[in-house]
Amino acid sequence: MKNRSKIKRNRPRLYVFRSNKHIYAQVIDDVKNTTITSSSSICNSLKAELNSTATCKTAAIVGKDIGNKLNNKGIKTIVFDRGNKIYHGRIKALAEAARREGIEF
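Residue numbers in the sequence shown follow numbering that gives the first Met the number 0, run continuously in steps of one, and reach 104 at the last position.
Be careful, since some hints might not be right.
[Claimed, not checked] Distance ranges between label pairs, derived from CB positions:
| no. | residue 1 | residue 2 | range |
| --- | --- | --- | --- |
| 1 | 33 | 104 | 17 to 23 Å |
| 2 | 20 | 76 | 30 to 36 Å |
| 3 | 55 | 30 | 31 to 37 Å |
| 4 | 83 | 9 | 30 to 36 Å |
| 5 | 32 | 95 | 26 to 32 Å |
| 6 | 54 | 98 | 16 to 22 Å |
| 7 | 18 | 67 | 21 to 27 Å |
[As the list claims (entries may be wrong)] Using 27 Å as the maximum straight-line C-alpha spacing, the simulated DSS-like pairs for lysine-lysine come out as follows:
| no. | residue 1 | residue 2 |
| --- | --- | --- |
| 8 | 31 | 46 |
| 9 | 56 | 31 |
| 10 | 84 | 56 |
| 11 | 20 | 91 |
Simulated from the structure, these hints should not be mistaken for lab results.
From a predicted model like this one, the values you see are computed outputs, not experimental measurements.
All C-beta atoms, glycine included, are put in the ideal place defined by N, C-alpha and C.
Let the sequences and hints guide you as you build the complete structure.
Written out as structure tokens, the structure reads:
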């Protein structure tokens, strides 16, 4: 179960998972227990833009894509959930790209 303080805010949660080869991001509504939107380095829509999947540039492209999807759904404020990963490298690149799209967290 996620921290109660995050759930009480009634804001969607951007969960980021990083593997050695790929990065995955999904926006979850913890109140309704549903996934609002998701994006990853294995999405067919992003494969044309990606040269390699394990780089900060790839993470930034995924962050930009998730930011655009959230803007299209009218969501501006979220909670960023990086799991147990430090805020550095690909995690940071994804978060900053989402912020550049106007997402606040």
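To see whether the hints hold, each was checked on the structure:
no.	hint	result
1	33 to 104: 17 to 23 Å	holds (19 Å)
2	20 to 76: 30 to 36 Å	holds (31 Å)
3	55 to 30: 31 to 37 Å	holds (33 Å)
4	83 to 9: 30 to 36 Å	violated (24 Å)
5	32 to 95: 26 to 32 Å	holds (29 Å)
6	54 to 98: 16 to 22 Å	holds (19 Å)
7	18 to 67: 21 to 27 Å	holds (23 Å)
8	31 to 46	violated (31 Å)
9	56 to 31	violated (33 Å)
10	84 to 56	holds (18 Å)
11	20 to 91	holds (16 Å)
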